[in-house]
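Required output: the full structure, derived from the provided sequences and hints.
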Amino acid sequence: MANLKSSLNLRDKGAEYWERSPKWRRVALSIFFIAICYALPFLNNPLINTPGSDFQSVLFYPVGMYVLMAIGLNIVVGKSGLLDLGYVAFFAIGAYTMAILGTKTALNFWEILPIGVGLAMLSGVLLGTPTLRLRGDYLAIVTLGFGEIVRIFAVNTDSIGGSRGIAGIPTPPDFFNAKFTILDPKPYYWLLLTFTLLIIWMVRRMAARRPGRAWDAIRQDDDVAQLMGINTRKYKVWAFVLGAAVAGVGGVVYASQILSIVPDQFNLNISILILACVVFGGIGNVWGVILGAVLLAFTPERIRFLSQPRILVFGIALVVMMNLRPDGILPKKKREHFDPDWHTVEESGEGEIK
Amino acid sequence: MRLEIKDLRVHYGKIEAIKGVSVVVNEGEIVTLIGANGAGKTTMLKTISGLRPVTSGQILFNGEDISKMPAFKRADLGLSQAPEGRGIFVGMTVLENLEMGKYNRKDRKKEMAEDLEKVYHLFPRLKERAFQAGGTLSGGEQQMLAIGRALMSRPKVLLLDEPSMGLAPLMIQNIFNIITEINKTGVTILLVEQNAQQALQRAHRAYVLEVGNVVKEAKASDLLNDPAVRAAYLGTGAH
Chain A
0 MANLKSSLNL RDKGAEYWER SPKWRRVALS IFFIAICYAL PFLNNPLINT PGSDFQSVLF
60 YPVGMYVLMA IGLNIVVGKS GLLDLGYVAF FAIGAYTMAI LGTKTALNFW EILPIGVGLA
120 MLSGVLLGTP TLRLRGDYLA IVTLGFGEIV RIFAVNTDSI GGSRGIAGIP TPPDFFNAKF
180 TILDPKPYYW LLLTFTLLII WMVRRMAARR PGRAWDAIRQ DDDVAQLMGI NTRKYKVWAF
240 VLGAAVAGVG GVVYASQILS IVPDQFNLNI SILILACVVF GGIGNVWGVI LGAVLLAFTP
300 ERIRFLSQPR ILVFGIALVV MMNLRPDGIL PKKKREHFDP DWHTVEESGE GEIK
Chain B
0 MRLEIKDLRV HYGKIEAIKG VSVVVNEGEI VTLIGANGAG KTTMLKTISG LRPVTSGQIL
60 FNGEDISKMP AFKRADLGLS QAPEGRGIFV GMTVLENLEM GKYNRKDRKK EMAEDLEKVY
120 HLFPRLKERA FQAGGTLSGG EQQMLAIGRA LMSRPKVLLL DEPSMGLAPL MIQNIFNIIT
180 EINKTGVTIL LVEQNAQQAL QRAHRAYVLE VGNVVKEAKA SDLLNDPAVR AAYLGTGAH
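As they're listed, the protein sequences go chains A and B. For the first sequence, the positions run 0 to 353 when numbering that gives the first Met the number 0 is used. For the second sequence, the positions run 0 to 238 when numbering that gives the first Met the number 0 is used.
Read the hints as simulated data drawn from the structure, not as lab findings. Using N, Cα and C, we set each Cβ at its ideal position, and we do this for glycine too. Any given hint could be a false lead.
With the C-beta cut set under 7 Å, the calculated list includes, among others, these residues of chain A facing chain B [as the list claims (entries may be wrong)]:
| hint | residue |
| --- | --- |
| 1 | Asp220 |
| 2 | Leu226 |
| 3 | Met227 |
| 4 | Gly228 |
In silico BS3-like pairs for lysine-lysine, Cα to Cα no more than 25 Å straight-line [claimed, not checked]:
| hint | chain 1 | residue 1 | chain 2 | residue 2 |
| --- | --- | --- | --- | --- |
| 5 | B | Lys183 | B | Lys155 |
| 6 | B | Lys117 | B | Lys101 |
| 7 | B | Lys155 | B | Lys109 |
| 8 | B | Lys18 | B | Lys215 |
| 9 | A | Lys233 | B | Lys108 |
| 10 | B | Lys67 | A | Lys233 |
| 11 | B | Lys105 | A | Lys233 |
| 12 | B | Lys155 | B | Lys126 |
| 13 | B | Lys109 | B | Lys126 |
| 14 | A | Lys12 | A | Lys331 |
| 15 | B | Lys72 | B | Lys5 |
| 16 | B | Lys183 | B | Lys218 |
| 17 | B | Lys72 | A | Lys233 |
| 18 | A | Lys233 | B | Lys101 |
| 19 | B | Lys67 | B | Lys155 |
Here it is as structure tokens:
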């Protein structure tokens, strides 16, 4: 508990420093960090180099991709408290849209992107509208099923390549001086980073306004949220659809970089890993989620020299971390006098006597 | 604002929890539903506020049947519930909880200061604890917050579910005094209570609910002196 407390303070101090900073300092800090992010591919440090795969590729996938997807899933799981175990489905829909339209039509990446995002959102509506009546575990099971359905559908549909998938997906057209080729992952990383920053900005704006309040209320108590006059169905579907849109962006970019996709890339493991990023980093806090995604994506690559046992080592590290910090590395900001055990208070509220 | 429930039936799966109940709450009244555990009191309130679907029957709010309307729209009409077990947002501060009560008011920015002042006047404790997380409040304070939050939406009819549950005797007196005070400002109240003594002393009229049926309906003061009611719910008379 002691180390939990001290690091909580560290996080709160960071937030406090930010809140007390004048606008120019916030802008300067933001520019500084964004610049560092854009410069990351040029880093060449033995400490962070990844044996077995080149660092710049790792930055794009898995690191950048996990960060983007974790931010998207955080809208669903972290902000509105809906447990989605089939998140990979929306990623797959984005990737397949890019693959099919890229190989069968003359549309380029920039034209396919909105279509892919739109289809991911549409499938979010179609899945969300009937299933978001369900709560907790039931929703988790249905979404898990949806994730598998999408993958199995792709395996069994020969017109989209069946289990062999789709090859020869075109790369995005050149963008000013940036050339998108299989050999150079840097432009893809920058593209992904740009999308990620835009999405962070959008999510933060939304979370600070009425939708954020509604999601917060729904997460804490769906029934009471309705009593407050919140159309909980609408906001839940919206959270679901926005999450799907983010995964759709990821899928389109991913497919255009990897050039060929097969259904088995979009398996349950991805959904679970992205969820792990969210939980590990700190549900609901976008900075925690980013940190969690970076660590969970990067560590297995970094310790690749361990070869076979690396996943075991990774798993043990996860279990140890979650025991030390059950709320994640950078949990959501706590309230003044906030009792971290509130859920037990809620459950035992009835018999309590003042 | 008159609330009329006609021949209401509600099911949990195959089990019929409410078996054709009719209740009338006239404007300006405090009406109480009393009854033992499992009589269907909470189900009644949840159905009126829209959290449980009706099987059959009508819920008339000022003459309009709202029995098929989703809960969030009923809240907009001026039907506000302080839920059982102090259903407050434990992760939000007291002030944020109160603000949530205004979520759907069109003029919420204009009304906010004035209504906060009113609620703080009724519950000075909430003002002291405004920036504390809801989950850290005592049981009585949470109950105050649930009622205060319901008031923030300027309800015409207030539904109170067991406001005395789990509270110390002094706090129970306090809460019931405030309920009477709220009623005097013109808010119609439907009160569900196990604490029949207090409820009957405060209410104008009362209904006795037993396993999903209304078995008695009368002026509250009459029920207070009814030997059968005294024996069953007030813990005296049988001795």
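*asked:* Between the alpha carbons of lysine 109(B) and lysine 126(B), is the straight-line distance 25 Å or under?
replied: holds (19 Å)
_Check the hint pairing lysine 67(B) with lysine 233(A) against an upper bound of 25 Å on the C-alpha distance._
Distance of about 18 Å is within 25 Å: holds.
*Holds or violated: lysine 18(B) to lysine 215(B), with C-alpha atoms at most 25 Å apart*: The given pair, whose Cα atoms are some 14 Å apart, holds under the 25 Å limit.
*Hey, lysine 12(A) versus lysine 331(A), does the alpha-carbon distance stay inside 25 Å?*
holds (13 Å)
*Would you settle whether the hint for methionine 227(A) is holds or violated, based on the nearest Cβ-Cβ distance to chain B being less than 7 Å?*
With a closest approach of 5 Å, the methionine 227(A) hint holds.
*lysine 155(B) and lysine 126(B): Cα distance at most 25 Å?*
holds (24 Å)
*Is lysine 117(B) close enough to lysine 101(B), meaning Cα to Cα at most 25 Å?*
holds (14 Å)
*Once the shortest beta carbon distance from leucine 226(A) to chain B is found, is it less than 7 Å?*
Cβ of leucine 226(A) sits 5 Å from chain B, so the hint holds.
_Does glycine 228(A) hold up as a contact with chain B if the rule is Cβ-Cβ below 7 Å?_
holds (3 Å)
*Assess, step by step, whether the Cα of lysine 72(B) is no farther than 25 Å from the Cα of lysine 233(A), and give holds or violated.*
Within the cut-off at roughly 13 Å; holds.
*Between lysine 155(B) and lysine 109(B), is the straight-line Cα distance small enough, at 25 Å or below?*
Given pair lysine 155(B), lysine 109(B) holds - Cα atoms ~19 Å apart, limit 25 Å.
*Are lysine 105(B) and lysine 233(A) close enough, with their CA atoms no more than 25 Å apart?*
holds (19 Å)
When held up to the earlier numbered hints, the structure conflicts with none and fits them all.
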